[in-house]
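Asks: Listed here are the chains, written in short residue letters.
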Amino acid sequence: MAKQLAAVLGTGQTHHRAKRTDVSMPGLLREAIDRAMADAQVEWPDIDAVVIGKAPDLFEGVMMPELFLADALGATGKPLLRVHTAGSVGGSTALVATSLVQSGIHRRVLTVAFEKQSESNAMWALSIAPPFTMPVGAGAGGYFAPHVRSYIRRSGAPEHVGAIVAAKDRRNGALNPYAHLKQADITVAKVRSSQVLWDPIRYDETCPSSDGACAMVIGDEAAGDAVPGAAWVHATAMRTEPTTFAGRDQVNPQAGREAAAALWREAGITDPLSEIDAAEIYVPFSWFEPMWLENLGFMPGGEGWKLTEAGETALTGRLPVNPSGGVLSSNPIGASGMLRFSEAAKQVMGRAGDYQVDGARRALGHAYGGGSQYFAMWVVGSAKPRCAVRGRW
Amino acid sequence: MRDVAVVGFAQAPNVRSTPGTTNGVEMLVPIFAQVYKQTGLSKSDIGFWCSGSSDYLAGRAFSFISAIDAIGAFPPIHESHVEMDAAWALYEAWLKIRTGEVDTALVYGFGKSSAGQLRRVLALQLDPYTVAPLWPDSVSIAGLQARLGLDAGLWSEKDLAEVAARSRADATRNPHAQFSGASEIADLLDAPYVADPLRAHDIAPVTDGAAVIVLAAAGRAHEFAERPAVITGIEHRVDTPVLGARDLTRSPSTEAAGQAVGTGDVEIAELHAPFTHQELILRTALGLGDDVRVNPSGGALSGNPMFAAGLARIGEAATRILTGQASKVLAHATSGPALQQNLVAVLEA
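Chains as they are written, first to last, in the UniProt record's numbering: chain V, 1 to 393; chain C, 1 to 349.
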């Protein structure tokens, strides 16, 4: 193997709101990009290439928006790539940008992901009925609710576990100056009294619909050495399986399990629960926290909820999950995965402010998309990966 | 860093309208089978998959997800997608092999242009705040570009007709071509304008199609092909989207990419030029002499499946090496209005 080392030099994100009517798409992106470049201490001539991601073009009504955004991205005259892997796209985009560095092609790459959901209507965009394909009809919540119900049945989890996640993530979000929802005084009881939208998912257990963007600057080993507190990429993984087929386990998809196994192997991690200090996991509906804790191998099958119920996924717990507030606090779909990746980087860089996990040295960033079939993840660390010798893994 | 080679290529027939669904499955399954047969590889041997397509062409969100069905992606696969011509998916797969993470990759692109009104759909690639609301369509924008070159004395309508005639004649040897045949220049120049100064023969036909390429690390490429086409350079750049800020008679992004890969001594060039005058712009941008054989496949003027045609140019160029007809070739792909984004690759035996 000949993978070069890569590091996150800086991150930036926008303030997330339901409607960012104060900025155009280029303005929204530049808000995140300018913060990331300042954080990374780089200028435009330092950037060798740009990698952009977002979820479907129908969400804004612009075909391949990277083309009209080229100037705003500072990409004119440079290589520009556009990634699209459904809801996991923010994570996949970061991984493609990382591979530009790992392959030895570029020194510093700007990567950015966004969604300006207020420009269109996501429910409409997801409900078009093409031939021979079952339309979702009820949006993402309607699609995922049966998986959640199935998880509860299989694991025997008590019904308040989802509410524990929602209350925790929203309280964490109140510590994050960029979060869309900040609900410092939310309680499990209040979440449990909110309206049921798709049984068993309640209103307070769903993600908001946000406008927002996230950006990172990723550099090679020399660039990482040159800035204090870079987050080193220890491992990356992506896996895909089809949406539907007989025998598919939609509660605990094999693509997610295999991606996680490949990730821990590359990172040299044998016991994720004790070796990972903070996890930013893609949880758009609260019950996906215990489900993904199992899928990722933090807990055995059927036992993810036990970690959540014991309070071990809270900011001060054994495995803080979504200290930033997660997708439940801000969901600009195309950017949500990159936010998870960049929040993981912020933790090991020690730049997470009021939601900093004490002593975080290794963190997980995770994203999923489609019908729980697209997975992208990385492990970042405050130190260079142990298993890496310069230029060789 | 290790080199990467093209070891297999197949394409679906370039047709005006396929009866298949917009997700490409019906076009992709047969050509996957073709490259498996060519290379001796099977689905489980592929280390990385990457595709290029467009939701807007399919008229739905997440159209590429259904294309996964064509692969039969279980057990799960290592896979990614670009919302671009699949030539850029090939770039991503090339990166993945260079990192050493995988030894093989399968790249595919598909587009059912017939699902909507293509020239109107492509207007949505323009700035949504100031330009797209005017609905300038893709053919009219190309017409403005062609007119600028005519007025500057860079080419004549006869020059354009000669490009069309040569493309159609070459396409007679391409069984996948949508348009082919002999034509008299005088007859072509008698045809009515579609978007003055462009006539029908100056414009790539609306085409449904798909293409697939198999890549392998150069060290292993001989296991899958007798004469692999090694990618010795691949670069891409983008130009400003502001049409009024560009000299539309030039292609700075192609020039920069061409200079970065080095285009000297190429024998054959497959250029992704959806309009006749764009072939002339690209020849100049790449500094190709008269001795370079351009588009022996007939090029995009004989079939231009959106999101696959750029990848097909790489496949057509690579085929000249795989079959022993050439030892150094160039391939080019374009995306966006009036040649906004361009990729250039050089392949050698």
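It is possible that part of the hints are untrue.
[Said to hold, decoys possible] Computed footprint of chain C on chain V; a stretch qualifies when at least three of its residues, placed anywhere within it, have a C-beta under 8 Å from a C-beta of chain C: (1) 70 to 81; (2) 103 to 112; (3) 238 to 252; (4) 352 to 366.
Since the hints were made in silico from the structure, they are not lab data. Glycine included, C-beta positions come from ideal geometry on N, C-alpha and C.
Asks: Each hint should be assessed against the structure and marked as holding or not.
Replies: Hints, one by one, checked against the model:
1. 70 to 81: It holds, with 9 qualifying residues against the three required.
2. 103 to 112: Since 3 is at least three, the answer is holds.
3. 238 to 252: holds (count 8)
4. 352 to 366: Three-residue rule not met by the segment 352 to 366 of chain V, so violated; n is 0.
The structure does not agree with numbered hint 4 stated previously, though it agrees with all others.
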